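Fit chain S with the ligands to the supplied structure of chain R, relying on the hints for placement.
Taken in order, these protein sequences are the chains called R and S. Numbering that gives the first Met the number 0 puts the first residue of the first sequence at 0, with every later residue one more than the last. Numbering that gives the first Met the number 0 puts the first residue of the second sequence at 0, with every later residue one more than the last.
Honestly, I wouldn't trust all of these hints.
[As the list claims (entries may be wrong)] Restraint-style ranges between C-beta atoms, simulated for each label pair:
{"#": "1", "chain 1": "S", "residue 1": "8", "chain 2": "R", "residue 2": "263", "range": "19 to 29 Å"}
{"#": "2", "chain 1": "R", "residue 1": "416", "chain 2": "S", "residue 2": "25", "range": "48 to 58 Å"}
{"#": "3", "chain 1": "R", "residue 1": "418", "chain 2": "S", "residue 2": "8", "range": "27 to 37 Å"}
{"#": "4", "chain 1": "R", "residue 1": "133", "chain 2": "S", "residue 2": "72", "range": "23 to 33 Å"}
{"#": "5", "chain 1": "R", "residue 1": "427", "chain 2": "S", "residue 2": "25", "range": "45 to 55 Å"}
{"#": "6", "chain 1": "S", "residue 1": "31", "chain 2": "R", "residue 2": "176", "range": "18 to 28 Å"}
{"#": "7", "chain 1": "R", "residue 1": "335", "chain 2": "S", "residue 2": "26", "range": "50 to 60 Å"}
{"#": "8", "chain 1": "R", "residue 1": "251", "chain 2": "S", "residue 2": "12", "range": "23 to 33 Å"}
{"#": "9", "chain 1": "S", "residue 1": "31", "chain 2": "R", "residue 2": "170", "range": "15 to 25 Å"}
{"#": "10", "chain 1": "R", "residue 1": "87", "chain 2": "S", "residue 2": "0", "range": "18 to 28 Å"}
{"#": "11", "chain 1": "S", "residue 1": "0", "chain 2": "R", "residue 2": "340", "range": "51 to 61 Å"}
{"#": "12", "chain 1": "S", "residue 1": "17", "chain 2": "R", "residue 2": "423", "range": "44 to 54 Å"}
{"#": "13", "chain 1": "S", "residue 1": "26", "chain 2": "R", "residue 2": "61", "range": "57 to 67 Å"}
{"#": "14", "chain 1": "S", "residue 1": "78", "chain 2": "R", "residue 2": "152", "range": "15 to 25 Å"}
[To be verified] In the DSS-like style, the derived pairs of lysine-lysine whose C-alpha atoms are separated by at most 27 Å in a straight line are:
{"#": "15", "chain 1": "S", "residue 1": "5", "chain 2": "R", "residue 2": "231"}
{"#": "16", "chain 1": "R", "residue 1": "219", "chain 2": "R", "residue 2": "413"}
{"#": "17", "chain 1": "R", "residue 1": "251", "chain 2": "S", "residue 2": "5"}
{"#": "18", "chain 1": "S", "residue 1": "21", "chain 2": "R", "residue 2": "431"}
No lab work stands behind these hints: they were computed from the structure. Quick caveat, the model's predicted, so the values are computed rather than measured. Glycine included, each C-beta is placed from N, C-alpha and C at the ideal position.
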Amino acid sequence: MAAIEKYDLIVVGAGPAGSAAALVAARAGLKVIIFERGEFPGSKNMFGGVLFGHEINELIPNYWETAPVERALIEERYFLVSGNSATTIAMRTKDFAEPPYNGFSVLRARFDKWFADQAVEAGALLVCETLVESLIMDHGKCVGVKTGRADGDVYADCVIVAEGANSLLTRDAGIHAEWKTNEVGVGVKELIKMPKDVLENRFNLTGQEGVSMRILGLTKGMTGGVFLYTNKETVSLGFVAMIEDLAARGFKPNDLMEEIKSNPMIAPFIEGGSTVEYTAHMVPEQGYKSVPRLVHDGLLIAGDAAMISNLLTGEGANLAVTTGRLAGEAVVAAKAAGDYSALGLYSYQNALDASYVMKDLKQFKGFAGYLHGNPDLMDLYPQLANEFLKGLLTADGTPRGAKAKALLAEVKKKKSLFGIAKDLWRGWRVIK
Amino acid sequence: MKLEDKLFQDRYIVDEEHPHLKIKDPAACLNCEAKQCTQICPSEVYTWEEDHIDVAYGDCLECGTCRVACAEFNNIEWRYPRGGFGVMFKFG
Ligand SMILES: Cc1cc2nc3c(=O)[nH]c(=O)nc-3n(C[C@H](O)[C@H](O)[C@H](O)COP(=O)(O)OP(=O)(O)OC[C@H]3O[C@@H](n4cnc5c(N)ncnc54)[C@H](O)[C@@H]3O)c2cc1C
Ligand code: SF4
Ligand code: SF4
Numbered sequence: 000m001a002a003i004e005k006y007d008l009i010v011v012g013a014g015p016a017g018s019a020a021a022l023v024a025a026r027a028g029l030k031v032i033i034f035e036r037g038e039f040p041g042s043k044n045m046f047g048g049v050l051f052g053h054e055i056n057e058l059i060p061n062y063w064e065t066a067p068v069e070r071a072l073i074e075e076r077y078f079l080v081s082g083n084s085a086t087t088i089a090m091r092t093k094d095f096a097e098p099p100y101n102g103f104s105v106l107r108a109r110f111d112k113w114f115a116d117q118a119v120e121a122g123a124l125l126v127c128e129t130l131v132e133s134l135i136m137d138h139g140k141c142v143g144v145k146t147g148r149a150d151g152d153v154y155a156d157c158v159i160v161a162e163g164a165n166s167l168l169t170r171d172a173g174i175h176a177e178w179k180t181n182e183v184g185v186g187v188k189e190l191i192k193m194p195k196d197v198l199e200n201r202f203n204l205t206g207q208e209g210v211s212m213r214i215l216g217l218t219k220g221m222t223g224g225v226f227l228y229t230n231k232e233t234v235s236l237g238f239v240a241m242i243e244d245l246a247a248r249g250f251k252p253n254d255l256m257e258e259i260k261s262n263p264m265i266a267p268f269i270e271g272g273s274t275v276e277y278t279a280h281m282v283p284e285q286g287y288k289s290v291p292r293l294v295h296d297g298l299l300i301a302g303d304a305a306m307i308s309n310l311l312t313g314e315g316a317n318l319a320v321t322t323g324r325l326a327g328e329a330v331v332a333a334k335a336a337g338d339y340s341a342l343g344l345y346s347y348q349n350a351l352d353a354s355y356v357m358k359d360l361k362q363f364k365g366f367a368g369y370l371h372g373n374p375d376l377m378d379l380y381p382q383l384a385n386e387f388l389k390g391l392l393t394a395d396g397t398p399r400g401a402k403a404k405a406l407l408a409e410v411k412k413k414k415s416l417f418g419i420a421k422d423l424w425r426g427w428r429v430i431k
Numbered sequence: 000m001k002l003e004d005k006l007f008q009d010r011y012i013v014d015e016e017h018p019h020l021k022i023k024d025p026a027a028c029l030n031c032e033a034k035q036c037t038q039i040c041p042s043e044v045y046t047w048e049e050d051h052i053d054v055a056y057g058d059c060l061e062c063g064t065c066r067v068a069c070a071e072f073n074n075i076e077w078r079y080p081r082g083g084f085g086v087m088f089k090f091g
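So here's chain R without its partners, still in its complex pose:
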């Protein structure tokens, strides 16, 4: 790699944010180079996961025709587990099984590779197995990156850092401090393989349909939760937990994973399956409160590195596509104006602020703190729901009116109605 070669744009990281940024910039004719530390894009990445398709469809219309998607998710199932019981709240619609679809389960090692290939087809140069070790700064302006290769300094008018949540480059550049234990969480997942027909029968699916499950009650009140997604021939089962909570409760992540798998309400979903991969990844937890300054001279930050992700809705990858795209578009505008200063690149911040991404992030900014301050939500509430409903449904000769009263008294012993009302009210306040 010749050290003197100069690009319009360097993108660090070929995840959803980086590839989206590279794609729009390359389409506009800019000279773009992407560095990815993995053997191929996606080889370091994991998520739940559902890819909500709206954003990607805007960039690549009818993406599902070529992208390696697993199943079109037609059902969102909330599963409140305690002991031997579970209460399910589910919404299923066949409308999500039709174009433009709402979202697909995907496996990142396949999907990210495909998405980066779209940027390459648009003209971007992708260099894998290459770690960017630091940003090259000149009088406060970012002018390039230092890579781990021999002669590895590469220069550009602008750099977009899309390095993900475990963001060392921006930390080392002093853009944010080391993440605190309540700002980030860890996600741990097992990919469990089973025959296609078994999986489809188990989840009541036909063809390409899939289910996503959010499971509450199995993380001992930690801020986070358990997820299950159906893929073609595998199930993604895992959990996310705030690092502070995990540390305070003293669990080993793998022990918790085993406990979840052997729970009587969960085990039937994975019975007979075999684990084919075990993965972990950092995840932003605090949202808005952790977002660092995103626009600098010659430098923009996009995706999880910008801490833009939504704990409540489980969105992240689609937001990364949007922030990457907006960052790429800002660089295109900066090139046209010949101004790569923070001022020249500020259209990125303006576009973010005007988009649903920042609006949602602001709206939900108190959510992680709310969950963290109310461990009952993740633990006691599923239990109360199960006990109340189980009691009500039990036919044992007691008049139902008297029974409801007695059950409510039981609930009150564990949590006062005022306490419940207060939790609900506070919950409403943080998201309204």
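Here is chain S with the ligands on its own, set in the frame of chain R:
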């Protein structure tokens, strides 16, 4: 299912010459009561061996949790493996 059986499913290219995880000051660990690193790592890379922490960096999934969790002592030197090394997710 045992952790080692899970990790056996994962694909790694271990960089034998350059460990990407290091304890900055092994002596500081003696004063660390919680020893979070030995508990919080999904692949149990860290173990306490009588008087020091052993780091089986070859099993690392590169999540960064240990570094953030060792907040009190900030005693883990954490870098990404060199390009092309480390864990390689087949599915992700
Ligand atoms: C357990 C879990 C479940 C999740 N579930 C969902 C879900 O269901 N739906 C959803 O939408 N989101 C989900 N998310 C969030 C989602 O994964 C992220 O929001 C998304 O991956 C962010 O994309 P990104 O491009 O910003 O970063 P990443 O996907 O992390 O990509 C960063 C890329 O940069 C590369 N890189 C990093 N540093 C360097 C460097 N120095 N040099 C070269 N390359 C580098 C990495 O190898 C990687 O390819 C989940 C996350 C986790 C952890
Ligand atoms: S948590 Fe940090 S200081 Fe404590 S034992 Fe582990 S590495 Fe040492
Ligand atoms: S980065 Fe994650 S997997 Fe690697 S040693 Fe630290 S906690 Fe363990």
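Here is how each hint holds up against the structure:
Checked against the given bound of 19 to 29 Å, the beta carbons of residue 8(S) and residue 263(R), roughly 25 Å apart, stay inside it. Checked against the given bound of 48 to 58 Å, the beta carbons of residue 416(R) and residue 25(S), roughly 54 Å apart, stay inside it. With their beta carbons about 45 Å apart, residue 418(R) and residue 8(S) fall outside the hinted range of 27 to 37 Å. Between residue 133(R) and residue 72(S), the C-beta spacing of about 24 Å keeps the proposed range 23 to 33 Å intact.
Hint check: residue 427(R) to residue 25(S), Cβ distance near 50 Å, so the stated range 45 to 55 Å holds. Checked against the given bound of 18 to 28 Å, the beta carbons of residue 31(S) and residue 176(R), roughly 21 Å apart, stay inside it. Taking the beta carbon of each, residue 335(R) and residue 26(S) are about 57 Å apart, inside 50 to 60 Å as hinted. At about 26 Å, the CB distance of residue 251(R) to residue 12(S) agrees with the hint of 23 to 33 Å.
Checked against the hint of 15 to 25 Å, the C-beta distance between residue 31(S) and residue 170(R) comes to roughly 22 Å, which is consistent with it. For the hinted restraint 18 to 28 Å between residue 87(R) and residue 0(S), the CB-CB distance of approximately 26 Å keeps it satisfied. The supplied range of 51 to 61 Å is met by residue 0(S) and residue 340(R), whose beta-carbon atoms lie about 54 Å from each other. Look at residue 17(S) against residue 423(R): about 53 Å separates their beta carbons, and that is inside 44 to 54 Å.
At roughly 60 Å, the beta carbons of residue 26(S) and residue 61(R) sit within the given window of 57 to 67 Å. Distance hint check for residue 78(S) and residue 152(R): the Cβ-Cβ separation is about 18 Å, which falls inside the suggested range of 15 to 25 Å. Restraint check for residue 5(S) and residue 231(R): satisfied, since their Cα atoms lie roughly 21 Å apart, inside the 27 Å limit. Annotation: proposed proximity of residue 219(R) to residue 413(R) holds, straight-line Cα distance about 16 Å (limit 27 Å).
Proximity of residue 251(R) to residue 5(S) is assessed by CA-CA distance (about 15 Å); at most 27 Å being required, the pair is judged to hold. Annotation: proposed proximity of residue 21(S) to residue 431(R) is violated, straight-line Cα distance about 45 Å (limit 27 Å).
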